[in-house]
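In order, the protein sequence lines correspond to chains A and B. Start counting the first sequence at 2; every next residue gets the next number (this note's numbering). Start counting the second sequence at 2; every next residue gets the next number (this note's numbering).
Hints listed in this document are in silico derivations from the structure and should not be mistaken for laboratory results. A hint or two may mislead.
Pairs involving identical chains hold if they fit within one copy or between any two copies, as the list cannot separate such chains.
EDC-like mimics (lysine to aspartate or glutamate), calculated; alpha carbons at most 16 Å apart, straight line [to be verified]:
#1 11 x 123
#2 207 x 169
#3 99 x 69
#4 99 x 240
#5 243 x 27
#6 223 x 41
#7 227 x 159
#8 207 x 242
Protein chains: 2
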Amino acid sequence: MTYCVGILLKEGMVLASDSRTNAGVDQVGIYPKMHLFAWEGERHFAVLAAGNLATTQAVVAQLASDGENEEIETNLRTVASLTDAADYLGEISRAVQKRYAGDGDKSVFQATFMLAGQIQGEPMGMHLIYPEGNHIEPSPYQPYLQIGETKYGKPILDRIVTSNMSLENAARTALVSHDSTMRSNLSVGPPIDLLIYRRNQIDGGKHIRMQQNTPYLASLRKQWQKGMERIFHRLPLFDWEKNANG
Amino acid sequence: MTYCVGILLKEGMVLASDSRTNAGVDQVGIYPKMHLFAWEGERHFAVLAAGNLATTQAVVAQLASDGENEEIETNLRTVASLTDAADYLGEISRAVQKRYAGDGDKSVFQATFMLAGQIQGEPMGMHLIYPEGNHIEPSPYQPYLQIGETKYGKPILDRIVTSNMSLENAARTALVSHDSTMRSNLSVGPPIDLLIYRRNQIDGGKHIRMQQNTPYLASLRKQWQKGMERIFHRLPLFDWEKNANG
Numbered sequence: 002m003t004y005c006v007g008i009l010l011k012e013g014m015v016l017a018s019d020s021r022t023n024a025g026v027d028q029v030g031i032y033p034k035m036h037l038f039a040w041e042g043e044r045h046f047a048v049l050a051a052g053n054l055a056t057t058q059a060v061v062a063q064l065a066s067d068g069e070n071e072e073i074e075t076n077l078r079t080v081a082s083l084t085d086a087a088d089y090l091g092e093i094s095r096a097v098q099k100r101y102a103g104d105g106d107k108s109v110f111q112a113t114f115m116l117a118g119q120i121q122g123e124p125m126g127m128h129l130i131y132p133e134g135n136h137i138e139p140s141p142y143q144p145y146l147q148i149g150e151t152k153y154g155k156p157i158l159d160r161i162v163t164s165n166m167s168l169e170n171a172a173r174t175a176l177v178s179h180d181s182t183m184r185s186n187l188s189v190g191p192p193i194d195l196l197i198y199r200r201n202q203i204d205g206g207k208h209i210r211m212q213q214n215t216p217y218l219a220s221l222r223k224q225w226q227k228g229m230e231r232i233f234h235r236l237p238l239f240d241w242e243k244n245a246n247g
Numbered sequence: 002m003t004y005c006v007g008i009l010l011k012e013g014m015v016l017a018s019d020s021r022t023n024a025g026v027d028q029v030g031i032y033p034k035m036h037l038f039a040w041e042g043e044r045h046f047a048v049l050a051a052g053n054l055a056t057t058q059a060v061v062a063q064l065a066s067d068g069e070n071e072e073i074e075t076n077l078r079t080v081a082s083l084t085d086a087a088d089y090l091g092e093i094s095r096a097v098q099k100r101y102a103g104d105g106d107k108s109v110f111q112a113t114f115m116l117a118g119q120i121q122g123e124p125m126g127m128h129l130i131y132p133e134g135n136h137i138e139p140s141p142y143q144p145y146l147q148i149g150e151t152k153y154g155k156p157i158l159d160r161i162v163t164s165n166m167s168l169e170n171a172a173r174t175a176l177v178s179h180d181s182t183m184r185s186n187l188s189v190g191p192p193i194d195l196l197i198y199r200r201n202q203i204d205g206g207k208h209i210r211m212q213q214n215t216p217y218l219a220s221l222r223k224q225w226q227k228g229m230e231r232i233f234h235r236l237p238l239f240d241w242e243k244n245a246n247g
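The following block holds chain A by itself, in its conformation from the complex:
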């Protein structure tokens, strides 16, 4: 399994992904799920992937080779908009799934993607691309997208995220969301890739890879856990507890 989250803000966007892959508990691997494509000053994209590893690797490999191939008309380097990029990625994904599934059970070969980035002169954006190739963007009322094992890390997003928050606060929220998920589900694991894109600054973004014991992440995890315990012990008493103390 996998967990990836993207938060779209007025200041830019933040993406975070884990690195655990498993095909049964006896086949666990480390594969980062975040793939970066950048032509500085022109355009930059991040592709985050969840689902069948062979499918996601084949799709990412084709995105990379198409981008270097001047004979291919449509690729990440030539698409006019982020929506076109999402359509293009969706088509590759469908073709790869079809190649291996044939007329058999498609569900095994499925993959879901997030495509985020900006093309010079175009608005910044983020798309969640379903296995069928169709895609959605976040809304101003819920300015984030998730793929993979999404439920454990959703409550903290629903409690904290607004599109007005700073890039750094969004990055901390994404890390806490990942920490909550990793504590509760073994199929999501470190290292965590964190990417920060500042709006209209097409420089490939700030990319940081963190292990569990990377000092910043270790300190954030510890302070969050301690903070939770502290607020927990300050929650209101039930009536009968007050009477017992009174």
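Guided by the hints, dock chain B onto chain A, whose structure is given.
Chain B only, in chain A's frame:
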């Protein structure tokens, strides 16, 4: 959907369940998922249910009618242990599912139960009963069980719950776990049933039903949300934020 959680402690146990039922978004109902059976001084049980509403209602109705029927040898009033009670409930559940599913698709009619309680002279206990009738108990290392929509509310349990905590602290944890779930998933909703059994005190337990605006729950929800925001804003800064401030 549904969310139910049970926490087994040295002092006793705490159970909490929501009341939302839905069969599609245009058919949403309020049905408490917690059903209590008590013969004071002798034995008391709580049955929490998730899954097909017709199945869970049929099972609970039969538990109730069997308990009043002196001609029926095995019922909640006569079983010798909690394990026997779980076996008995599992058999009823399987029979009900089979009655309606026939040879067709069984999955629609499935239900999962939690059975918790104590029989005088026997240890207190808690079982999660699968649709197939088999069942599990919590472990000392993870002294809780969940059924239904379990993922949103699991991180807080994994962060806070230990079998040494007080009944009241466990009750607060269960309420926070429900609050996190209800904020992130519309298929789980109030009122919340909260039940506290003190070990070896076979009095039917302390049962409280709370609406979202019940003062205690409203205050707990607000304090938790405020506390989360407070600790969030105290998380460590990234290096580049410190430099920007320095």
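Query raised in the report: Within a copy, between copies, both or neither: where do residue 207 and residue 242 come within 16 Å Cα-Cα?
Result: Answer is between; shortest inter-copy Cα gap is 13 Å, intra-copy 50 Å.
Query raised in the report: Between copies, within a copy, both or neither: which fits residue 227 and residue 159 at Cα up to 16 Å?
Result: The answer is between: 13 Å across copies meets 16 Å, while 21 Å in one copy does not.
Query - Identical-chain pair category, residue 243 with residue 27, by Cα at 16 Å - result: Answer is neither: 51 Å inside a copy and 43 Å across each miss the 16 Å cutoff.
Query raised in the report: Given identical chains, is residue 207 near residue 169, meaning Cα to Cα at most 16 Å, within a copy, between copies, both, or neither?
Result: within (11 Å within a copy, 45 Å between copies)
Query raised in the report: Which holds for residue 99 with residue 240 at a C-alpha limit of 16 Å: within a copy, between copies, both or neither?
Result: Cα proximity of residue 99 and residue 240: none, with 61 Å in one copy and 46 Å across.
**Report entry** Same-copy or cross-copy closeness of residue 11 to residue 123 [CA-CA at most 16 Å]
**Finding:** within (15 Å within a copy, 60 Å between copies)
Query raised in the report: Checking residue 99 and residue 69: alpha-carbon separation at most 16 Å within a copy, between copies, both or neither?
Result: Intra 24 Å, inter 59 Å, cutoff 16 Å: neither.
Requested in this report: Have a look at residue 223 and residue 41 and pick one of within, between, both or neither, based on CA distance no larger than 16 Å.
Outcome: Answer is neither: 37 Å inside a copy and 45 Å across each miss the 16 Å cutoff.
Going through the hint list in order, the structure does not satisfy hints 3, 4, 5, 6.
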